[in-house]
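S.K.: Knowing the structure of chain V, use the given hints to seat chain D on it.
2 protein chains.
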Amino acid sequence: MQIPVFDDVTAAHERIAPWIHRTPVLTSETFDQLSGARLFFKCENFQKAGAFKARGATNAVFGLPRERLGAGVATHSSGNHALSLSYAAGRRGIPCHVVMPHTAPQAKKDAVRGYGGRITECEPSTSAREAAFAELQARTGADFVHPYNDPRVIAGQATCSRELLAQTEGLDAVIAPIGGGGMLSGCCLTLSATAPKVEIFGAEPLQADDAARSLHAGRLIADDAPQTVADGLKVPMKSLTWHFVREHVSDILTVDEQAIIDAMKLVWQRMKIVIEPSCAVPVAAILANPTVFAGRRVGVIITGGNVDLDRLPWLNRED
Amino acid sequence: MQIPVFDDVTAAHERIAPWIHRTPVLTSETFDQLSGARLFFKCENFQKAGAFKARGATNAVFGLPRERLGAGVATHSSGNHALSLSYAAGRRGIPCHVVMPHTAPQAKKDAVRGYGGRITECEPSTSAREAAFAELQARTGADFVHPYNDPRVIAGQATCSRELLAQTEGLDAVIAPIGGGGMLSGCCLTLSATAPKVEIFGAEPLQADDAARSLHAGRLIADDAPQTVADGLKVPMKSLTWHFVREHVSDILTVDEQAIIDAMKLVWQRMKIVIEPSCAVPVAAILANPTVFAGRRVGVIITGGNVDLDRLPWLNRED
Chain V
0 MQIPVFDDVT AAHERIAPWI HRTPVLTSET FDQLSGARLF FKCENFQKAG AFKARGATNA
60 VFGLPRERLG AGVATHSSGN HALSLSYAAG RRGIPCHVVM PHTAPQAKKD AVRGYGGRIT
120 ECEPSTSARE AAFAELQART GADFVHPYND PRVIAGQATC SRELLAQTEG LDAVIAPIGG
180 GGMLSGCCLT LSATAPKVEI FGAEPLQADD AARSLHAGRL IADDAPQTVA DGLKVPMKSL
240 TWHFVREHVS DILTVDEQAI IDAMKLVWQR MKIVIEPSCA VPVAAILANP TVFAGRRVGV
300 IITGGNVDLD RLPWLNRED
Chain D
0 MQIPVFDDVT AAHERIAPWI HRTPVLTSET FDQLSGARLF FKCENFQKAG AFKARGATNA
60 VFGLPRERLG AGVATHSSGN HALSLSYAAG RRGIPCHVVM PHTAPQAKKD AVRGYGGRIT
120 ECEPSTSARE AAFAELQART GADFVHPYND PRVIAGQATC SRELLAQTEG LDAVIAPIGG
180 GGMLSGCCLT LSATAPKVEI FGAEPLQADD AARSLHAGRL IADDAPQTVA DGLKVPMKSL
240 TWHFVREHVS DILTVDEQAI IDAMKLVWQR MKIVIEPSCA VPVAAILANP TVFAGRRVGV
300 IITGGNVDLD RLPWLNRED
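Which chain is which? The protein sequence lines are V and D, in order. With the first letter of the first sequence counted as 1, position 24 gets the number 23 in numbering that gives the first Met the number 0; the numbers rise by one all the way through. With the first letter of the second sequence counted as 1, position 255 gets the number 254 in numbering that gives the first Met the number 0; the numbers rise by one all the way through.
Bound-form chain V, shown alone (with noise of 0.2 Å):
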């Protein structure tokens, strides 16, 4: 598969800034006293169909050829990556045929149909997932926007660390959360060619820990169907992602499942934005690991916002 390099992202910038946002970058005294560092979060919970995946998609979409649009795209996703490629689709005009896990946030799915994406349901680990959508890309014989292990993909990702460093000065790292690593990708991607003294760090749920464990052992280890309250983060790196994490990410800590919660409410709390507990991750990590970041000054991608309200973690009974 071709790696994508930074020509790669400055056209995907041109190609997407029509159909995205340029989100804001926000800061925070209560952060940046509880974290002892300078802390630059980049709003991807504001951005179209509410996540940074809508800056691949987008990328995907409108870099497909006049010829190949009849049949659509297609894709597996925990759910962003899934609204994105709607999202993108729809504005094209062009059909978005999705796999989803049946427990996947019913408002995910609410907002994947409410853009005209066409969801096919399987069960909830990987191998399931794939198997179902060989299937249907058999069928549609749609082109496949895989949501993290696509050159297209990375390329767009890599959108938001550009976007980043325009919008702050003087950047010592940046930390992003890692599921299957599209977007840590893209940031491996615009700060290696453009601003390589910034060090890169992923961040990543105990529970769902096979990029530490990777990058730790220096081969790939993938987990079949993990279990964490941040459900973005449950895929596997693929190729592609773990070619650019090994290359230049310095480390990936790791948090568990009550520090993710009580990060998650914290910034609702303080910074008064809706964000997904996959962006809690990174915050979590900064909080505890002042060692690291203190003194600092970092930006923390916080990639998404699609929660489902009537499903709170903190509130979360015994269902």
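If you're looking for bench data, these hints aren't it; they were derived computationally from the structure. All residues carry an ideal CB built from backbone N, CA and C; glycine is no exception. A few of these clues could be false.
As the list claims (entries may be wrong) - Footprint (simulated), chain D over chain V, 3 or more residues, beta carbon under 8 Å: (1) 10-24; (2) 297-311.
What the hints assert, rightly or not - A short list of chain V residues far from chain D (calculated; beta carbon distances all over 12 Å): (3) SER27; (4) ALA106; (5) THR125; (6) GLN136; (7) HIS242; (8) GLN268; (9) LEU286; (10) ALA293.
To be verified - Within a straight-line C-alpha distance of at most 27 Å, the following computed DSS-like cross-link-like pairs (lysine-lysine) qualify: (11) D/LYS196 - V/LYS264; (12) D/LYS264 - V/LYS264; (13) V/LYS108 - V/LYS264; (14) V/LYS108 - V/LYS237; (15) D/LYS264 - V/LYS108; (16) D/LYS108 - D/LYS264; (17) D/LYS108 - D/LYS237; (18) D/LYS237 - D/LYS264; (19) V/LYS196 - V/LYS237.
M.R.: Positioned in the frame of chain V, the structure of chain D alone reads:
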């Protein structure tokens, strides 16, 4: 009582600028489509202490003459003014005494104490609150900063619409929630002086509709202890705020409790910002009155974001 004029607003703005945020103005394609209007959300939920009330409180505290600092300040409040006065007093290093109903959200009580405010609890009615306060003031000699019926406070709140005008172009109307009327009076003060063609609307819970009934009757009518989910809007107008509302407000629109809760949840879902029920009142009023707002450019004051995240109104079980 002295009626504030626009010179007081410019003086207030200069006085409070080091201590408050110039909050952003957000737009939303979703709400523009739902309303048929073009909406500009002035986001005071991102303000210091989580609400616009930091403006008025800070103006009062930092305008105090040196010889009156020792006894500090005091107030009664349904929450955000208490928080804001505690914040401002803390920044100036003077005592702040607060009478609050014991039914106020726990998050607000904790936050007042977190800023160093000293709380005296009372029963949740206007009359009980005023009695408890009289005793407190006699005992401490503190300077009474009324939550809204105070020229210093109104001049401070008026800086919000002054910023909104500078941040947007061609507004046709501004709408704000009305409880005691401090914010709405501030809008009247600024807009009548600097943009008299901009129409001014209030929005109020149907279950606490004293302002709407007052405006329609042409005389000040007060409720005692109304019940609404918009807990910041339970208090009645007083002489000063009634003066501004009567002179400058086109209409006060009322909405029922379910409409408030639905609008609040929809803002969280689609705009990814945490807003209080009070802020949802004007949003609900816009959605319910397309004949008033469609086709117009409307500024919407999002007054605050201090919510007890353990007690969200759409999840409220009977306790």
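S.K.: The structure should be examined with respect to each hint, and the outcome stated for every one.
M.R.: Structure-based check of each hint:
Figure legend: the segment 10-24 of chain V, annotated as covered by chain D; annotation inconsistent (1 residues with Cβ-Cβ distances under 8 Å, at least 3 required). Taking a C-beta to C-beta cut-off of 8 Å, the segment 297-311 of chain V contributes 4 residues in contact with chain D, enough for the three needed, and the coverage statement holds. A cut-off of 12 Å between C-beta atoms contradicts the statement that V/SER27 is not in contact with chain D; the least separation is 10 Å. A beta-carbon of chain D is positioned within 12 Å of the beta-carbon of V/ALA106; the least distance is around 7 Å.
No Cβ of chain D comes within 12 Å of the Cβ of V/THR125; the nearest lies about 28 Å off, and the non-interface call holds. Residue placement check: V/GLN136 keeps its beta carbon more than 12 Å from all beta carbons of chain D (closest about 32 Å). With a closest Cβ-Cβ approach of about 32 Å to chain D, V/HIS242 is found to remain outside the 12 Å limit, as its non-interface label requires. Not every CB of chain D is more than 12 Å from the CB of V/GLN268 (nearest about 6 Å), against its label as outside the interface.
Every CB of chain D is more than 12 Å from the CB of V/LEU286 (nearest about 18 Å), matching its label as outside the interface. In this structure V/ALA293 is separated from chain D by more than 12 Å, as the shortest Cβ-Cβ distance comes to about 23 Å. A hinted pair counts as satisfied when its Cα atoms are at most 27 Å apart, and D/LYS196 with V/LYS264 does not qualify at roughly 42 Å. A distance of roughly 17 Å separates the Cα atoms of D/LYS264 and V/LYS264; the hinted pair therefore holds under the 27 Å criterion.
Using a Cα cut-off of 27 Å, the hinted pair V/LYS108 and V/LYS264 holds, with the two alpha carbons roughly 24 Å apart. The suggested pairing of V/LYS108 with V/LYS237 holds, with an alpha-carbon distance near 25 Å, which does not exceed 27 Å. A C-alpha spacing of about 18 Å is found between D/LYS264 and V/LYS108, which places the hinted pair at or below 27 Å, so the restraint holds. Taken as a hint, the D/LYS108 and D/LYS264 pair is honoured in the structure, with Cα atoms around 24 Å apart against an allowance of 27 Å.
Proximity of D/LYS108 to D/LYS237 is assessed by CA-CA distance (about 25 Å); at most 27 Å being required, the pair is judged to hold. Only pairs whose Cα atoms come within 27 Å are accepted, and D/LYS237 paired with D/LYS264 is rejected, the gap being roughly 31 Å. At most 27 Å may separate the alpha-carbon atoms for a hinted pair to count; V/LYS196 and V/LYS237 meet this at roughly 26 Å.
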